[in-house]
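First to last, the sequence lines map onto chains A and B. Here my numbering is used: the first residue of the first sequence is 1, the next is one more, and so on. Here my numbering is used: the first residue of the second sequence is 530, the next is one more, and so on.
No wet-lab data here; the hints were simulated from the structure. Mixed in with the good hints, there may be bad ones.
Stretch-level coverage of chain A by chain B, calculated; a stretch enters the list once three of its residues show a Cβ under 8 Å from a Cβ in chain B [unchecked claim]: (1) 31-42; (2) 72-78; (3) 368-375.
Listed below are several chain A residues computed to face chain B (Cβ distance under 8 Å; list not exhaustive) [said to hold, decoys possible]: (4) GLU136; (5) THR137; (6) ALA140; (7) GLY143; (8) PRO201; (9) LEU202; (10) ASP246; (11) PRO247; (12) ALA248; (13) ILE402; (14) GLU404; (15) TRP405; (16) ASP410.
Beta carbons are placed, not taken as given, at the ideal position from N, Cα and C, and that holds for glycine.
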Amino acid sequence: MRQFRSVFRFALGLTAATLLATAVPGAPANAAGTLVWGLPVGASVLDPHVSCGWMAKFVDYQIYEALVETDLKVAEAPTKLRGQLAESWDISEDGTVYTFKLRQGVKFHDGTPFNAEAVKFNFDRFLDPKAPQYSETANAYFGFIGFTSAIKSVEVVDEFTVKVTLNSANYEWLRMGMEDCPQFYIISPTAITTYGDEGLPLHPIGTGPFKFVEREPGVKIELTRNDDYWGEKAKLDRVIFREIEDPATRMNAFRAGEISVIQDPVWEETQDLVDEGNILTINENTPTLWYVTLNMKYPAFKDPRVRQAINYAIDRESIVREVLHGFGRPAYGMLNAGTYAHDRDYVSYPYDPEKAKALLKEAGAENLVLTFDLPKYGFSEVIEKWIQRDLKKVGIEVKLNIMEWLAYLDKWNAGMLEDVAMDDIIWGEQTPIFTAQSYRCDRQPPNGWNQGWFCNPDMDKLFAEAEVTRDEAKRAALYQQADKWIMENDPSYAPVYHYFNPIVLNPTVKGFVNAPSNWWDLSTVWIEE
Amino acid sequence: MAGFIIKRLLSVIPVLFGVSVLVFLLLHMAPGDVTTTLLGPMATEEARQAIRLRYGLDQPLPVQYLTWLGQLLSGDLGTSWVHRQPVAQMILPKFGATALLALSAAFLAYVIGFFSGILAANRAYSATDRVVMAVTLVLGSTPLYWLGLILVLIFALELRWLPATGMMKIVDGGGIVDIAQHLILPAVSSALPSAAIVARVTRAAMVETLKQNYIRVARAKGISRRTILRRHALRNAAPPILTVGGMELGYLLGGVVFTEVVFAWPGIGNQLYQSIVGHDIPTVQASVLLIALAFVLINLVVDVVNIYVEPRSRLAVASGRA
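So here's chain A without its partners, still in its complex pose (with noise of 0.2 Å):
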């Protein structure tokens, strides 16, 4: 009866938080404030052409702007585009030429004033070579999610019109430049100039809500109000991002009040805050999935029917309510519930492991012996772990290769090796483009992040197909058949859930929504002391 009431409570919480983060109130007219923001990891480099990850991206969010950005004021997935420095865009017919008309009378937070000039700045630093201002780091990490191959020139038409051509239709091409690795914010011309590459992480200058201040390395970034921005202005007088990486110091110190908000509170604690009076918002549909990739080169998983044993032996279920209290969903497919290809009630393989063992003994695989590479990142060992009994219980040993994070990733970015048979990642970007290109052919290592050897020309041609294709349904249903028939027939992934992103506000916090993404838009936000 506890446990029923304990589940029930908390039942009724996640519905409170979840009509909480969709609920956008009105702020008084002296709405302002210092957000104290407890970031559980700390951000990479303050530039958004040459660094990765979702906490660098969150802090980005605030203090540059893009031409086209995902409008995170609303917390329905997924995420609409708005018109960011660009008032109005447009794309020809043939998919292959956009035109932005650029928002007059914006400027950089150091005065420097913002026009078609300065976009075409922004786009030489990574796409011509001659210029100055070329960073080869900017084009290694543009050219990496193909956002750099799909231009083919980017012309000035006028102070406040810029044309940027293709080679070939693709609309994914404004998202795939504002996810979190890397983004097409345009920086202030004069600081790349003044302070290039190296000097730009701690000069970070661009058109948004929020101005730089300063940043002490593992301690916090402090932004301040931009009083001179172009829309409409930011509440909060500041915000200053602490990092603190340990959990359990992360929430003492929101307990004790040394910060406004936390993020990834301790899953089995959370309740407690809500007790205490805190508020906890999620969203059920965050493009964050956490998936394991089954590596098409082992040999004992040559067979299909071995690698649907092992999608059919792993009980989603049971990790999302034992592992993650509540705070994700079982992931059956690999578009994940961010983007609009997302199909909520499609279950590809439910907790079956009879079923399992029967493809095991069917393939002539028993017995099997398998290493799984994997990071020691945040809480993943748990659910590692858990897989791990999962699959003893089929019959499968798993020997599990724990690796330093940084380690991990040189690993994961060259593609496993014959003798690994999979490894894991936590994911997801707010377009199936970056899913198509887990699959396709010519994204497999070193040219992308295919690093499970899957490869099928039919699927590829589906994918291609969705991206020359203009409407938005239409495309979704090709990037829903390819995923599909691939999990049923082909699994090169075992997706295992989808995560809510719970964050736990001080009373005090007002205004915030807890968009579908991994990073927020603060400019609602404000302090009711």
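We have chain A already, so just place chain B on it with the hints.
Structure of chain B alone, referenced to chain A:
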């Protein structure tokens, strides 16, 4: 005396040289490609190669080491690969924060440890002695991490007397009072295990000294217990106490990393951990060297103080036997 100090100072050089070689080699042998730190996971092989050329990472290890050493000797600690910021600018304030915490903790550890050790020795084998020793045994074996969390729970979250994290208020913080308030809990939790060790060494040294014949003679002459303790026993018992005290300070400088994590104290230990995990080689090298330098210098100071306090050492130095 000056000769002794110069000799000891010179002996610091090979120690630091050894540390620098060791750190340099260890980091270069660690798994993970440094170009990933600099370029991110998305880099092409050409970009990686360009970076290796620019930072001289294509050179043989001895050449890389000597280049780094040359820069170091000219006062350039390099630039952090992760934060793209001069290492000196990044780690010196953090070293200051660690030094403040370690010195405060050491001070507390000496005061608490020394007096409880004397108290126990003065009443050796009595109930007081047993209680003091039992308490120090428990404290000495308590994990710092756990002790820190318990202190935060009681004094920051329940009683709300003291702040839970940081070195100063994150919003408009600063000033002596603010820092002092933030210092209490981390300093106490770092100090208690060290205090236990100082107490046990003090007790042992004093009990041994109080058994000596000259103390018996002094007692027979009717000199008060207090005077015997202060003027006759303490001086002779001092060397081991001072040595352990110095070592504890060195240990605290390097070992407050756990306290720094629990209290989000912006010190060098915390930074070092982040830099190792992030493969930020210039920062790791400079941080380890700084900690090693501090450790060696503290031991030097302890040796010099020992000579002043203990006449036998002074004689030994004068006769060149030290």
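Can you verify the interface hint for PRO201 (chain A): is its Cβ closer than 8 Å to any Cβ in chain B?
Holds - the Cβ of PRO201 (chain A) comes within 8 Å of chain B, reaching about 5 Å at its closest.
Taking the closest Cβ pair, is GLY143 (chain A) under 8 Å from chain B?
Holds, about 6 Å.
Are THR137 (chain A) and chain B close enough, Cβ to Cβ, to be under 8 Å, as the hint says?
With Cβ-Cβ at 6 Å, under 8 Å, it holds.
Using Cβ atoms only, decide whether LEU202 (chain A) comes closer than 8 Å to chain B, and label the hint accordingly.
6 Å, holds
Minimum beta-carbon distance criterion (8 Å), GLU136 (chain A) to chain B:
Where the cut-off is 8 Å and the nearest Cβ of chain B is about 5 Å from GLU136 (chain A), the hint holds.
8 Å C-beta test of the segment 368-375 of chain A against chain B, three or more residues:
Violated: only 0 residues of the segment 368-375 of chain A have a Cβ under 8 Å from chain B.
Please verify that hint: ALA140 (chain A), Cβ, nearest Cβ of chain B, below 8 Å or not.
Check passed: Cβ of ALA140 (chain A) comes within 4 Å of chain B, closer than 8 Å.
Identify whether the interface hint at PRO247 (chain A) stands, where standing means a beta carbon of chain B within less than 8 Å of its own.
Not OK, violated: PRO247 (chain A) not within 8 Å of chain B, min 11 Å.
Are ASP410 (chain A) and chain B close enough, Cβ to Cβ, to be under 8 Å, as the hint says?
With a closest approach of 5 Å, the ASP410 (chain A) hint holds.
Chain B contact restraint on ILE402 (chain A) - CB to CB distance below 8 Å:
Hint on ILE402 (chain A): violated, closest Cβ of chain B at ~12 Å, above 8 Å.
Please verify the coverage claim for the segment 72-78 of chain A: does it have three or more residues whose C-beta sits within 8 Å of some C-beta in chain B?
violated (count 0)
Hey, does the ASP246 (chain A) contact hint survive, CB to chain B under 8 Å?
Given a least distance of 5 Å, the restraint on ASP246 (chain A) holds.
Against the hints set out earlier in the document, violations occur for numbers 2, 3, 11 and 13.
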